[in-house]
Amino acid sequence: MHEISIMQDTMQLAIEHLQKSGGSEIHSIRIRVGLLSGVVPEAMEFAFDSLKAGTPAANATLEFEKMPGLFCCQSCGKDEWLDCMEFQCSGCGGLLVLREGGADLELTQMKIS
Amino acid sequence: MCENCGCGHVETFKVIPMQDAPGENARLAGASHQHVHEHVDADGRRYTHVHSHSHDATALHEHTHGHGEIHAHAGEELIQTVPVHLPILIKNDRLAERNRGYLNATGTIAINLVSSPGSGKTMFLAKTLELLNGKVSAAVIVGDLETANDAERLRGKGAPVVQVTTGTVCHLDAEMISSGMEQLDLNICRILFIENVGNLVCPASYDLGESMRVVLISVTEGEDKPLKYPPIFRGARFVVISKTDLLSASGIDIATLRRNIHAVAPEATVVEVSARTGEGMQVWIAILNSLGENPR
Chain A
1 MHEISIMQDT
11 MQLAIEHLQK
21 SGGSEIHSIR
31 IRVGLLSGVV
41 PEAMEFAFDS
51 LKAGTPAANA
61 TLEFEKMPGL
71 FCCQSCGKDE
81 WLDCMEFQCS
91 GCGGLLVLRE
101 GGADLELTQM
111 KIS
Chain B
114 MCENCGCGHV
124 ETFKVIPMQD
134 APGENARLAG
144 ASHQHVHEHV
154 DADGRRYTHV
164 HSHSHDATAL
174 HEHTHGHGEI
184 HAHAGEELIQ
194 TVPVHLPILI
204 KNDRLAERNR
214 GYLNATGTIA
224 INLVSSPGSG
234 KTMFLAKTLE
244 LLNGKVSAAV
254 IVGDLETAND
264 AERLRGKGAP
274 VVQVTTGTVC
284 HLDAEMISSG
294 MEQLDLNICR
304 ILFIENVGNL
314 VCPASYDLGE
324 SMRVVLISVT
334 EGEDKPLKYP
344 PIFRGARFVV
354 ISKTDLLSAS
364 GIDIATLRRN
374 IHAVAPEATV
384 VEVSARTGEG
394 MQVWIAILNS
404 LGENPR
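These protein sequences, in sequence, are chains A and B.
Its first residue numbered 1, the first sequence is counted upward by one per residue in our numbering.
Its first residue numbered 114, the second sequence is counted upward by one per residue in our numbering.
If you're looking for bench data, these hints aren't it; they were derived computationally from the structure.
Pairwise CB distance ranges (calculated): (1) A:40 / B:379: 21 to 27 Å; (2) A:59 / B:337: 39 to 45 Å; (3) A:93 / B:298: 52 to 58 Å; (4) B:360 / A:20: 56 to 62 Å; (5) B:366 / A:19: 54 to 60 Å; (6) B:391 / A:40: 36 to 42 Å; (7) A:64 / B:262: 36 to 42 Å.
Far from chain A by the CB rule (all over 12 Å, computed), these chain B residues: (8) 215; (9) 262; (10) 265.
Where is the CB? At the ideal position from N, CA and C, for every residue including glycine.
Taking the hints into account, I'd like the entire structure generated from these sequences.
Structure follows, in structure tokens:
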């Protein structure tokens, strides 16, 4: 799926940044993934494994930082931050509406040498 | 003479990077570490030696490297953590913004039409073009993995059509739209319809520079589809429920579907249509006309 092309973009960005920093090897890549980014970390891992050979990231690991979303219950008005899509209020069973957050897809940091 | 250790050799020139924020050096205060020094003799011979020293906050000490750069100290491989904080799709996002700026300049509203395969995007667009009947100038960019079949179906309905075949790519991206737009005279186009590749997952991640996203969902797809595919529904300006002529056969509960759309996309306006019978299409056309009058 599209994780392959997203991973290609990630690696291009990471390698450009590595070169700018004067390094030669990437040890880890940290990615912030929002609830609504449309990206599955497992599929990113799979894509990374097939793309990394022969690159400065050949021995690197991926780390994911999952970002929650703010949900609000339509019935009781309770706000809560949740890590996964949820549509039923844990308090009253009412309909939860996602208020904010979740679309992040960001290369946040790398470990390099 | 080497000022640092007094070893008697003349050093070559130094570059002192000062780009790091003040305070970066302070972190090193008190820490003892080793440096590899290279000196060049008057006859050009190079010497390398290691010496160690400690930093303290008061003594000034020059480094020939910035702390923002990778530099190994003797005997260790330095692994450094560098902050990046860049959107992964930055290349696409920038191109999308360029498209958006161009579309703004030509006064064109771009509608990114997305749905599952088989929800009726092409039929819906064909009917839309027929009903607009050239009164609102339109153009179409159609994306599919292969074939120009959809473009063929949309030709001759009063709007120029460009087909983009993506090969194996499961979505349209900003670059493809930019190339598609080059084929069209957008100065005389009020609405640009972009029929995305039939896929409810991947197109959600790619900004095309569109003015709005319209998601189509047919009555045969079940009430819970918005809950299963939230990224694509989220941020939709309009959700079009299509194939309402099949409503009774599908057994779907429209109220539940609407409720689920609202849960994921609270700000979306929901329109029910049957492109086949024409039911509800006038509501959609009225929306397009009002957009056409107020492009921004």
